[in-house]
Amino acid sequence: MKRYTARRIAWAGVVALLILTITFVLLELAPDSQLARVQFRAAASGESAEAAADAYARRRGLDGPLWERYLEYLANLASGDWGWSDTRSQPVAEAILTALPYSLMYTVPAVLVSTTLGIAIGLYSAFNQYTKADYAATFVAFFGVSIPNFWFGIVLLLLFAVYLGWVPVLFDAELARTRTFSLANARQLALPVFVLATSAIASTMRYARAEALEYVRAAFVKTARAKGAHEWRVLTRHVLRPTLVPLSTILVGDLLGVVLSASYLVEVVFGIPGLGRLSLEAIRRQDTALVLGTTLVPVFVAVIGNLLQDLAYAVLDPRIEYGDRR
Amino acid sequence: MPSGSDPAAAGPSGLARRSRRSFLTLLGLGGSTSLAGCNAPAGGSSATDGPATGDGSAPERPDYVEGTATGAQTLNFLSVDDTPSANRIELALDGAYAITPEQDVFPLWADISTDEGRVYTVELRENLEWGAGYGRMTAEDWVYMITEVFQADPNWAGFPNPGDWRRGGDPIPVEKTGTRSFEIRLPSVDPAFPLRPVMWGAFCMPKGLIERYRPDRDQEGLQQDEDVQTLAYAGNLGPYSFERWDRGSAFVAVRNDDYYLREVEDVPEEWREAPYFDSYTYEVVPEESSRISALRSGELTATDVPETRVEQLEGLDDVDVRVFPQAYMTALIYNQRANGAFYEALRKPAVRRALAYAVDKRSIVDDVLRGYATVAHTFQPTFSTWYADDEVTEYGVGDTYSHERAREGLAANLGSTPYRYDGDRVVDEAGEQVTLDLVFAQGSQAVETTAQVVAQEYDAIGLDVELSGKQYGAIVEQHLYNSWQSDGDPPWGAGPYNGGPRDGSVSQEPWDLVLGITFNTYPRTPSAIRGFTVERGGINFYGYVPETDFGPLFEAATSTVDEDARRETFEEIFGALSAEQPFNFLNMGVEIVGYDSAVAGPEEEFGYTWDRNTWRLNRQ
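Residue numbers (the working numbering), protein chains in the order written: chain R, -6 to 319; chain X, 40 to 659.
No wet-lab data here; the hints were simulated from the structure.
Being a predicted model, the structure only gives us computed values, none of them experimental.
Take these hints with a grain of salt, some might be off.
Distance ranges between label pairs, derived from CB positions [said to hold, decoys possible]:
| id | chain 1 | residue 1 | chain 2 | residue 2 | range |
| --- | --- | --- | --- | --- | --- |
| 1 | X | ARG256 | R | LEU301 | 46 to 54 Å |
| 2 | R | LEU67 | X | ASP356 | 33 to 41 Å |
| 3 | X | SER636 | R | PRO24 | 40 to 48 Å |
| 4 | X | ARG256 | R | ASP74 | 15 to 23 Å |
| 5 | R | PRO24 | X | ASP356 | 54 to 62 Å |
| 6 | R | VAL138 | X | GLU574 | 57 to 65 Å |
In this text, a Cβ means the ideal position worked out from N, Cα and C, and glycines have one as well.
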């Protein structure tokens, strides 16, 4: 197991380096809109476009050969320096560490809620297949999957913030930072959590239902029932546990999906200065150091998340083991 | 930006030949501002400022919260090339002086004066204090800043506008003439110099701060300096003081109790009490709908409003939508370089005039832009001092919008080109239908719809148009940049947008029409558009070779202080441009801002933000 884990972690390093290199080169090749604007403005006002481009390169640290800048970046990274964000005027590590808590404030509750409720509703639906409750749960699931987060967020803001005034429209980052566990912060996070949980709950619920259905009428479940096991015990010990093995594979995917894709939209709509917006802005403004930094975070989550998921198999299913080769 | 005064964007113009020491003349200006509804009651605070406390302490003032789509990138003004950053810095640093809508200089830190338009004297106020222990602002600070940073070669600080402080490649001589005064000695007469964004709105840093980084040309060190990052050196130099900057979220500045303008007597009364808010916050709200919702819920005091959403705000008691004229023009640009599909025709002014008949400008303004723009006919807005109705030829409105006249014009002038009419369609030498490639900038529904309208209009006169939307950066790189593609060296080159004569210098990708690239028309200093109008102009990416010799006309307009002579020359220039139609002048944009209806101060005129420090909230 140790050897397997070490090998996976080493492989993660290789993957990260590969992704960083590709990202670095792609950023260099992509047309830089801000540079284009700076040059256009200079030329349009009778100034030298070349001088404007040189000054821009100087300000953005782009005034050297690509390979030299890349090697310098890697050397700095190796020493723990993630670089300086030119579009935020702060160190990249600080930018990420500042943004991360804002993302966690709504993704953690959303993932917890969606996972717990999703599995619970899925199991309930499986145990009550083709009942009204099952149909209702299925409707909720399809609604959550189908409705676009972006649109849903805007509508909820209009309803609950503008018309009813129950929650604020603007996200107060200062409040979130200084009074994280306050009612006021909970109020402003309610809608983002709800929107995110609604979309995530659906897939978890459908998977949980489908997986649980495989076991509801399994021989060992019938045996447990025949031996007088209580329904709760049947549910939690005999159905939930085997269901969790395949379900755990989608949990990591869900988490990634939530953090990487859904969070972009949710953070834009609700104005939350989290990781999603940070990386979106970094890409839009072609802030190389910040793009690379924000790329490393999901790479880390994906690689380590998948590793933890594989290790979880062995814990959840005793038949699986990662024997070290001799 | 609702309150963003971007001198660089608004650009230079008209003559400000002023007698020396003009501070006191501005007291008259204060009177007119008062009539406009911005008068401060004698004694300072009033009910409109918020309730005065009974114990004699400072009155409570409201907070101003402005919603913006993007945040600042830096607080180092030497690195600023974006409006959001400039707006935030302006809260803490007033800059040298402001320009009123009447194009008068309004001294803030300094006054500028000249006798004959060549040597300008800048005189600083005596009560300007840096923060962070840098002492008093003196002429020494300015001269050091100008010579060691703005004019530095190499440009070690990455100053975005190094050309501002040079003429013909040489630095403009600047000399200290007193503790608080210095002279700028231009090599030739330039009556519009005060209106150019050179000294206008210019910032300065203490010499002691710059000196730490100048010897090693340490741009990175300066950029990351704590005093620069927090504007700690700003002292009493602005209406607000830096409070905090939550990147990607909010920039908060609080009222500066030591603001230098409170101690001066040569400004109108309301300036001495300014600002009328306890704090000014820029709140970053990326999503347009959320910004509008926050304005409606009262969480924002002001935010930009796109023309498509004005309707939603009409009729609301708490929101007031105001429309401000702008100097940005949208044009349909013709490729007259040799890689276009129709360039031989587009090089002929008569053909361009014929095409101008075909597009209904009024319909674009009214139907596509919902009335939030004005029709353009030349390279100046109609509100410009330099715009003369009787000199400008109009196309695409009223009787001059006519497909029939467009067809007649094309049929009569395609003769010497490879194109002709075959029935009601325009064909090339091989008898194939001519299809024009219209590239438009993505991201704006109005631009895309305008492109579709143009395609329909051209179809009606026998020209097919294929539309392709691209990102701004891609358009610039693939279509606007051009370089010499023929044998040998180019006979001349004027930068990446004009790599040489139009037969040999072409863009990477072919194109025929471009839409969505807006041009600043510089109504204050219209000579700045020279580069658009001469063959060797640095921005002439479309390969325009004028029939009128614009070069000498611009020389004449910029080298005299005779206001009438300048006006006459500029009128001739803008008249000739409207007749030659280097591109189809479509419309001039406006800025639409939604305010809390209690906000008093913003006037619906060009350059309206110059006195934003005197705006207030008039709650009933």
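Cross-check of the supplied hints:
1. ARG256(X) to LEU301(R): 46 to 54 Å: At 49 Å between Cβs, range holds.
2. LEU67(R) to ASP356(X): 33 to 41 Å: violated, 59 Å
3. SER636(X) to PRO24(R): 40 to 48 Å: holds, 42 Å
4. ARG256(X) to ASP74(R): 15 to 23 Å: Since the Cβ atoms of ARG256(X) and ASP74(R) sit about 22 Å apart, the hinted range of 15 to 23 Å holds.
5. PRO24(R) to ASP356(X): 54 to 62 Å: Distance hint for PRO24(R), ASP356(X) is violated at roughly 46 Å.
6. VAL138(R) to GLU574(X): 57 to 65 Å: holds, 60 Å
In summary, the numbered hints that this structure violates are 2, 5.
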